[in-house]
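Taken in sequence, the protein lines are chains A and B. Using the working numbering, the first residue of the first sequence is number 41, and each one after it goes up by one. Using the working numbering, the first residue of the second sequence is number 3, and each one after it goes up by one.
Calculated from the structure, these hints are not laboratory results. Here the structure is a predicted model, which means the values were calculated and not measured. Think of the CB as a built atom: it goes at the ideal place given N, C-alpha and C, for glycine as much as any other residue. Be a bit skeptical, because a hint or two may be false.
To be verified - Here are the simulated DMTMM-like cross-link-like pairs (lysine to aspartate or glutamate), alpha carbons at most 25 Å apart as the crow flies:
| hint | chain 1 | residue 1 | chain 2 | residue 2 |
| --- | --- | --- | --- | --- |
| 1 | B | K114 | A | E112 |
| 2 | A | K136 | B | D93 |
| 3 | A | K64 | A | E128 |
| 4 | B | K114 | A | D134 |
| 5 | A | K103 | B | D78 |
| 6 | A | K146 | B | D78 |
| 7 | B | K66 | A | E98 |
| 8 | A | K146 | B | D84 |
| 9 | A | K82 | B | D78 |
| 10 | A | K110 | B | E96 |
| 11 | A | K82 | A | E98 |
| 12 | A | K65 | A | E98 |
| 13 | A | K136 | B | E96 |
What the hints assert, rightly or not - For each label pair, taking beta carbons as the anchor points, the in silico distance ranges come out as:
| hint | chain 1 | residue 1 | chain 2 | residue 2 | range |
| --- | --- | --- | --- | --- | --- |
| 14 | B | D104 | A | K103 | 23 to 29 Å |
| 15 | B | N45 | A | K136 | 36 to 42 Å |
| 16 | B | P81 | A | G135 | 33 to 39 Å |
Here is how the chains run, residue by residue.
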Amino acid sequence: MQAAETEPKRTKSYIDEVYRLLEKKPGVEEILIMNRSGVPIKTSMERQDALQHACLYENLREKCQAFLSKMEPPQLLTMLRVRTRFHEVLLTPDGKITVLVVQNPKDTHLKVEDLNRHSSNF
Amino acid sequence: MTEERKVHTEHPDAHVERSYDGDAFITHFAKRGAREIIIMDANGHTLRSTVSPRRTYMYVSNLKPLVTMGHNVVRDLNPSNDMTFLRLRADGGEVNITLGKDFILIVIQRIKRKSSFKSN
Numbered sequence: 041m042q043a044a045e046t047e048p049k050r051t052k053s054y055i056d057e058v059y060r061l062l063e064k065k066p067g068v069e070e071i072l073i074m075n076r077s078g079v080p081i082k083t084s085m086e087r088q089d090a091l092q093h094a095c096l097y098e099n100l101r102e103k104c105q106a107f108l109s110k111m112e113p114p115q116l117l118t119m120l121r122v123r124t125r126f127h128e129v130l131l132t133p134d135g136k137i138t139v140l141v142v143q144n145p146k147d148t149h150l151k152v153e154d155l156n157r158h159s160s161n162f
Numbered sequence: 003m004t005e006e007r008k009v010h011t012e013h014p015d016a017h018v019e020r021s022y023d024g025d026a027f028i029t030h031f032a033k034r035g036a037r038e039i040i041i042m043d044a045n046g047h048t049l050r051s052t053v054s055p056r057r058t059y060m061y062v063s064n065l066k067p068l069v070t071m072g073h074n075v076v077r078d079l080n081p082s083n084d085m086t087f088l089r090l091r092a093d094g095g096e097v098n099i100t101l102g103k104d105f106i107l108i109v110i111q112r113i114k115r116k117s118s119f120k121s122n
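Could you build all of it, start to finish, from the sequences and the hints given here?
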């Protein structure tokens, strides 16, 4: 269940550094860093939004990890990307923390009319 | 499990006819190293698949709930938002799921490491 090797220590300064570097990247809208239990530690969002994002995506990430563990051979999730109409959410488990980034990628080959016509059947 | 392996051990030159042989879409992906492609309609019924029915069933039964859940997550945060892609990346492989208007496309790729060998 746990990784065989000891997970690297993620100190407060590491988290600050990660946050700072992410902020600089173009297109990044929001950043959320959670600890192992899914509690937001550092975020650029409102408290309410942060909790909601953290809870929902942590849930999804657990399901994905469960799926990968069932595969042959069982693998660890390194990255989860959810692309939606308006933005893209990247979730990266990283030792004792999880980094979640909401960004706005530039989809040059998709026209806006095509996106608007997309209606879900679920 | 061994039974399944026996069925799939073929001589590479064996001329086995598959339903997706002439399909340009699938061969395009296969050139890029994707081994397993599953095409489903919006309800989750499998239309085309390059893996055996048993494995397809295994993949679909695990991935379809994931897709639905992801979509619900996105909808919860913003009711006007829709999920279009879902991408799971692991160390040895990647699963890409595309949600179109009328279909769901699942592509499973293996990433070969120099030291590891994947036998199919």
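Cross-check of the supplied hints:
1. Restraint check for B:K114 and A:E112: the C-alpha separation of about 14 Å stays at or below 25 Å, so the hint holds.
2. Only pairs whose Cα atoms come within 25 Å are accepted, and A:K136 paired with B:D93 is accepted, the gap being roughly 18 Å.
3. Among the hinted pairs, A:K64 with A:E128 is consistent with the structure: their alpha-carbon atoms are about 17 Å apart, no more than 25 Å.
4. Using a Cα cut-off of 25 Å, the hinted pair B:K114 and A:D134 holds, with the two alpha carbons roughly 22 Å apart.
5. This hinted pair checks out: A:K103 and B:D78 have alpha carbons roughly 17 Å apart, not beyond 25 Å.
6. Restraint check for A:K146 and B:D78: the C-alpha separation of about 24 Å stays at or below 25 Å, so the hint holds.
7. A C-alpha spacing of about 18 Å is found between B:K66 and A:E98, which places the hinted pair at or below 25 Å, so the restraint holds.
8. The hinted pair formed by A:K146 and B:D84 meets the criterion: a straight-line CA distance of about 17 Å does not exceed 25 Å.
9. Pair hint A:K82 plus B:D78 holds up; C-alpha atoms about 22 Å apart against a cutoff of 25 Å.
10. With a C-alpha separation of about 14 Å, the suggested pair A:K110 and B:E96 falls inside the 25 Å cut-off, and the hint holds.
11. In summary, the hint linking A:K82 to A:E98 is supported, as the alpha carbons are separated by about 15 Å, within the 25 Å threshold.
12. Simply put, A:K65 and A:E98 have alpha-carbon atoms about 24 Å apart, close enough for the 25 Å limit, and the pair holds.
13. For the given pair, A:K136 sits about 23 Å from B:E96 by alpha-carbon distance, which is consistent with the 25 Å threshold.
14. Take B:D104 and A:K103: their Cβ atoms lie about 25 Å apart, and the range 23 to 29 Å holds.
15. As the Cβ distance of B:N45 to A:K136 is approximately 40 Å, the hint placing it in 36 to 42 Å holds.
16. At roughly 34 Å, the beta carbons of B:P81 and A:G135 sit within the given window of 33 to 39 Å.
Checked against the numbered hints given earlier, this structure breaks none of them.
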